[in-house]
Structures are given as structure tokens and as C-alpha cells.
Amino acid sequence: MNDLLRRLLFLPEQGSTFAGRVDRLHYWIIGITFLVAAIIFFVGLTFVIRYRRRKAGEHTRKFEVKPGLEAIFVGVPLATFLLWFFIGFQDYVWVQTPPEDAMDVYVTAKQWMWKFAYPDGPSAVNTLRVPVGKPVRLLITSRDVIHSFFVPAFRMKQDAVPGRYSQIWFQAERAGTYEVLCAEYCGLQHSNMRAEVVALEPADFQAWVQEQRRGVATLQDAPPSVLPAGANLREVGERVAAEEGCLKCHSVDGTPHIGPTWLDLYGRTEKLLTGGTVVADEAYLTESMMDPQAKVVAGFNPVMPSYFGKLAPAQTAALIEFIKTLRTERLEKTPSQEPVYGPLRP
Amino acid sequence: MAPSGPELAKPRDYLREETTLWSWLATKDHKRIGVLFLAAVIFFFFLGGLFALLLRVELLTPQRTIMSAGMYNRMFTLHGITMVWLFLIPAIPTTFGNFLLPIMLGAKDVAFPRLNLASFWIFVLGAAFLLWAMFTGGADTGWTFYTPYSLNTQSSVLPVLIGIFVVGFSSILTGLNFIVTVHTMRAPGITWMKMPIFVWTIYGTSIIQVLATPVLGLVLLLVAVERVGGLGIFDPARGGDPVLFQHLFWFYSHPAVYIMVLPAMGVISETVCAFSRKNLSSYRMVVYSTLGIAFVGFFTWGHHMFTAGQSTFDAGAFGVLSMLVAIFTAIKIFTWTSTLYQGSIVVTGPFVYLSGFLFFLMFGGMTGVALATTALDLHWHDTYFVVAHFHFIMVGASIMGFLGGLHYWFPKMFGRTYPEGIAIGTAVLIVFGFIATFLPQFLLGNMGMPRRYYDYPEHFQSLHVASTAGASLLGFGFLIIFGYLAWSLRYGPVATQNPWDSRGYEWMTETPPPKHNFHEVPDYTHPPHDYSAPDVPHIPEVEHA
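Read top to bottom, the protein sequences are chains A and B. At position 206 of the first sequence (counting the first as 1) the number is 340 in our numbering, and the numbers step up by one without a gap. At position 225 of the second sequence (counting the first as 1) the number is 923 in our numbering, and the numbers step up by one without a gap.
In case anyone wonders, no lab produced these hints; they're calculated from the structure. Positions of the beta carbon are idealized from the N, C-alpha and C atoms, including for glycine. A portion of the hints provided could be inaccurate.
[To be verified] Computed footprint of chain B on chain A, listed as stretches where at least three residues anywhere in the stretch have a Cβ under 8 Å from a Cβ of chain B: (1) 157-168; (2) 176-187; (3) 196-202; (4) 323-335.
Sequences and hints are given; from them, build the entire structure.
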């Protein structure tokens, strides 16, 4: 029955636990809508035939609906609507309240791509890998205009609003690939801003995470003084910035985000939250990584965690070198490079 | 309905009073202003319809069919702006409202005739500016101008905003004029509860226009200021809040839906009585629900933002309030249907539009209820389901009201009738064309097709083709209507004073009316829409408990 109705209504497959839940309400509402529409149609048609005009200028009996009948006509639909709302709103609250054991994934939208970052390391562009049977909480934001993360098979969408995080959660029911569409108009390539959710069996997902971690670990575990052979600091810095999550809050192209942009940061005079100014030189940049709350730039929230002990000195240096190269002139000469953070395939 | 000598020998009507071009362009006669507006909105309707057809042709195939992505984005913006601000909002109030409101109230004109003329020319000025802006540069933001996209896009948003701002003044002035007219210019005998329903709905609409349109002007101005001056209001990069824009925008644009639909409800209330020769089965309920819609309509805007990161509590509150608006609509649907009971029903062109109206309002309303359950909106929001829903309720219903009114009052306005058979046939074609266009779009929305997509995954194509086929049927239907009505203007049989044998107050004066509407004061002792006693208008006392 579920499958028949689903096909009749052209609904896509039910990929998440929420989909099956919300489809039931859908069937009831559409079913009752058709029923009531049919009743009104036949009542109207009966009246039109039964009371057709037999001669011009006929007179009719004055007729007023009695208050009791009016009360029924108001009460019954109102009760029905409120019942639907009550059921629907419960589902809405349910899908807005992630379970505590949910796995977090940060979703960042920008014109015109989706980036998915996992707190423990890997990140990917346009492919969100999740384990089947485990709740996943998405923390969604945007770096430019408003986008909307829409998975038809999961029956859910959430806007990606620049400057704020919004959340939604889902649990994939079976392994498969599900279409992700951008649902909020975002410009020229809006209709091509597509991605996919790949639901993997838990074992497959773990294998993928391990594979990704190895890529991250080899770099992280390298002795502080040793840099990969043949690498220059700028390139290493760029990689470190992606791996350590710097780019989750700092943009490199001047786009406003949670933290100050790195574009033209080096040498810039910044106003501080506590008053006064500071020139962003090597010392200040290092201090900001190790003790971020010491001198917070005005206009931003003091939310950055300390990287003391997490970044090796060579990595810190590499980051600073990378920041130094981010000049407006450089970006003007060369086309902007995206993504800075590719999937970390070894 | 045949032309007769005495009919033509009467004192000159408003059409023949003066015939120079200047006498039309500078007229302060509400009837002529109504006709001017009618010509203008019909022009914009065909323009907006042309854009719609071009969009439908583009959507026949994924990827490029006839235009580029940039062109497509400008085209749907053009379609939305033209249809919303240049057709749907002014469609009924400025045309039939202008023409009939004073006549139905037994007044010689509206309260401020000069302001009324100003309203028309402000509309023309704003519309011309808007069209110039759209054709020379064009905005690619959609008619909703969501920030921060509208702040950052390279397209020429600014002139478009100014154009809409100017048009908004026309809307406010017309609303103000009608409110004052209803309050101060009712003829002796027409008490509040004896006003024709059409007057009530225009009154409700005018209140919304006067209260909500300034908010639209304000928010568009803020976007303009932010674009030009770099003030941080809506752009998070400058410390602004993009969702604040949505709140302000929908605070106008949701009630705007009722600006479009309420007058259509008024037209339907008039025609359902005229063609069933029956009093409304509950005049009071229609009046109260009209005011209820006008009031509660202001408190539902948040249902456009269920997925925008609004708090769960807000979503719930806006959901419940949206259900209340639906109830007011349900009351009306029951009232119109039960009005047919024990009537004397004749199927005419306007009656077919009335039936189509009931269907679109019913189905559009119920899908609106489904959307307001919040949980289902998570799937449908910003998909073709929503597109189909609002085309049913605010476009389908409004156009049914507009065409129904046009056919019902055409003899009143121009003194001619049109070929009835063709009118009925075309009305049926329009209703089915509309269903064929938008039913596939409901299903597309269920499948997950987002709106404003230039390119789409291939599995959506068959339904897109079906929708385009329906749209061409619809376009064809509108051309036929234009054809026979234009023909009838000149060659249609001359109408008698009351060709429908209606008891609406507007039919108690000559057809077409003389310049100052009346030669003798009509008798308003009978309530409107009363068909219970023979030839009521000339009986001073009628029993109506």
C-alpha cells in the first residue's frame, strides 16, 4: 500500500527514517483532500442539475444557513486541520532535534558546490558519505549567498544561511546513493549545484574513514622539523589549513566567514574587540593560533579554540607563509583556485 | 438583447459623453479610470503570460532549449514581477473595483477622483520604468529579491526596486481612496451589513494594501540603500541579517496573496448569486471571514521560512495561524456551494469561471494546509509543489475571478454582450488548460524538482513536457477570449440594462452608466443578492429576517 501510494504520487524512494514517517501524513492529507474535493464537486453538480433554471425570472426561497450548521462547517475542518498540524509539527520537532549520539558533519555551501567536513579529519566536496543506521547531524552554513540542502529521498531540506549555522538530522535506512539538490535560488549555476549522499554499510564507512585518517595521519605524525621532501612552505601551509580545519572559519578569498579572512591579512592593521589595534605580523598570527582569545579582532566572536600543542612549529610557520601569499594582487592575476581542500585521497 | 431605438436615444453614457483622447487620459471619472486600468492590466497579463510560455518552452528539455541560463534567470524574474505587481495585485480592485464600487454604493464617484487619476498615472510611470529597467539590464534575483544574493548580483537590481517602489504608491492610493469612499459615500439606505459582498472584499483588500505596501516599500528601499551605500542591514558580511529581509519581505508579500484573492472572492460572491438567483446562504459569515482573512493574513508570513533556520516555536506558531486563514477560506467555499441549494441555476461563462474558482481555491487551499503542517513543508518547500500550490490559489483563483468578473460586467462596462456559447467553451478550455499546466507541477514537486532550475535531472522531463503542453492550451484560450471580447466591443449585440436579470445594485442604473452614474436615485431598501420576492427593487418593504 505504501509503495503503491508513493508511486501514484510520484514520490522518490524513502531513503531515511523521516521519509517513511512523513509520507504517511502526506497520504492521509492528500487522500482526504481528494475526498472532500470530490464531495463538494458532486454536491455542486447535483445542485446545478437539480436546481437548473426552468424559466427566466424565477424566484427563490430565501435561505440562511442555521448557526448550528455553520458551527459544524467551521468546527469540523478546523479540528481536522489542527489534528494534521499536531501530527506534522511533532514530526517537524522530531527532525529538528538530533539524537545525542548523532554523528556531526559540517556542511558548507558556496556558489556552486557543497563541502562536507567531518570533525575527526576527512572532508569531501559534493559527496557526503554516511553510515547506514546511524543518526547524522548536519551543521549547515554558507560562505556567500543562501543555499538550501535538499535530499528528496530523505524528504528534508535546510537552508544554508551565511553567518549562521542551522541543523537538521537524518538516518539513512539502506545503502545507496541519493541526489542532493540546491533548493534556494543562488545564481547562474543554481540548477547545477548538485551533490550526492552515499550511504555506506557501517563496515564500509569505517574502512573509508580509516583510509582518510591515514592520509591525514602521515602528515600530522611527521617530525616537526621534517617537511615532506620537495614541498615548499606555502603548499604545506595550504594543506595544513585544510586538514586542521582553519578553513572552516577563515576564508582565503575575502569571503566573510566566522573568522577574519586570510586574504590580505598579513600586514593589515586590525581593530581589536577590547579597543586598540594590532598589526597582523608573524608574532600576532602565531599568538592568534596558540592563544586565540588574547587579541580578538573586533566584529568577530571569540570562538576559536587554541591550537597550542596541536600544530607543530613547522606547520605554524607553513601556515603563516601560506597566509603571506594570500594577496589580492595574486588572486587577480590567477583565477581563483577551488577547492583548496580536496578529498584527501592518498 | 437586440438593439432598440429607445435604448440608444437615452442621454449619453459615460463612454460617449466626451470622446477625445485627452478626455480619457485626464479623466476623473472612476469608470473611465477603471477602463484605463483594465487596458493596462490586460496588456501586462499578456506580457507576463508570454514570459511564462517562453519559460515553459525552455523547460521542455534539460540544458539549453531556447535561452541561456542567465537569460532564464532574468526571464522568471520578469514573469514574477510583471504578474505579481503589474497584473495580480491591481487586476480586480483597480478595474472592477474602480468601476463598480461607487455605483454599488450609490455614489457619483470615489472620494478623491483626482487622486484616483494620479494612482493610474503613477502605476503607468512605475510600470514603464520597471519594464525599461528589466529590458535594458534586468534583475536575476527572482521576484523575491532574497538577500544577500540580491545585494551581490551584478544584474541591475536597483532600477527594478525603484520601479516596484513607485508602483506600490499607486496601490496605496487606490486602497486609501476606496476605504474613504466606503466609509463616507454610501447612499442612504446602504448600511454596512447591506453592502454588496464585492464592496466588502474590496474594502478588506484596501486595508491590506494600505497597511502592508509601505512595509514592502521600506524593505525594497533598504536593499537599495545597502546596494548603493554599503550599509550593513541584510548582508552578514557587513554585520547584517539575511533572514531579517525574509521576515520583512513576507510581511508584505504574504498578505499580498489576499490582495489578489479577496477581490476574486468578491466577484464570485456576486456571480454565484446572480446565476443561481439566490441569496448568499450566509452573508454574515462571508463578511466576517473576509475581515478575518484580512486580519489573520498579517500573522502567517513565517510559513515561508520553515527551512530558513527559524526557531521551532516560531514555526509552530506560524503553522497554527496559517490553519486559521484556511478555515476562513473553507467557510466561504461551503457558503458558495450551499448558496446553489434551491436556486435557479443557469450555466453561463461566468458560472464556469465560478466553478473553476471553487476548484482552484479548494485544491490550492488544501495543499496550503498540507504545506502548513511544517513537516511536509521540509520536502515541498522551494519545489514545484509550492509553485503549483500558489499558481492554483493566487493565480488560478484570481484569474477565474478576473475573467468571471470581466464576462459578468462586460455588458455593464461597454454596453455590449458577447457570443455566450464561445465564452462557455473557452472558459472550460481555460480551466482544463490550467489543470493540465499545474497538476504535473504538483507531481514534479513530489519528485523533488526545485523551483528556478534552468537545468534539471532527466527523470523530471516527462512531467515538464506535460506542463508545457497545458501551458500552450492555456495561452491559446486567453487569445480566444481576447479575440471575441475585442470583437464584441464593436460588433457585439447591444446589451439591455440588466442582461443577466441580476439584482446586484450596480444593475439598477443604466447600462452603460451615465457620467455621474445615476439619473434617478435607486431604491436600496432590499438587501443585496435577494431573489426571494418578485421584482424586489420596486417593492419598498420586503420581509427579510
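Are there three or more residues in the region 196-202 of chain A whose C-beta lies closer than 8 Å to some C-beta of chain B?
With 4 residues close enough to chain B, the hint holds.
Three residues or more, CB to CB closer than 8 Å: is that satisfied between the region 157-168 of chain A and chain B?
holds (count 5)
8 Å C-beta test of the region 176-187 of chain A against chain B, three or more residues:
holds (count 7)
How about the region 323-335 of chain A: do at least three of its residues have a C-beta closer than 8 Å to a C-beta of chain B?
holds (count 5)
In this structure, none of the earlier numbered hints is contradicted; all agree with it.
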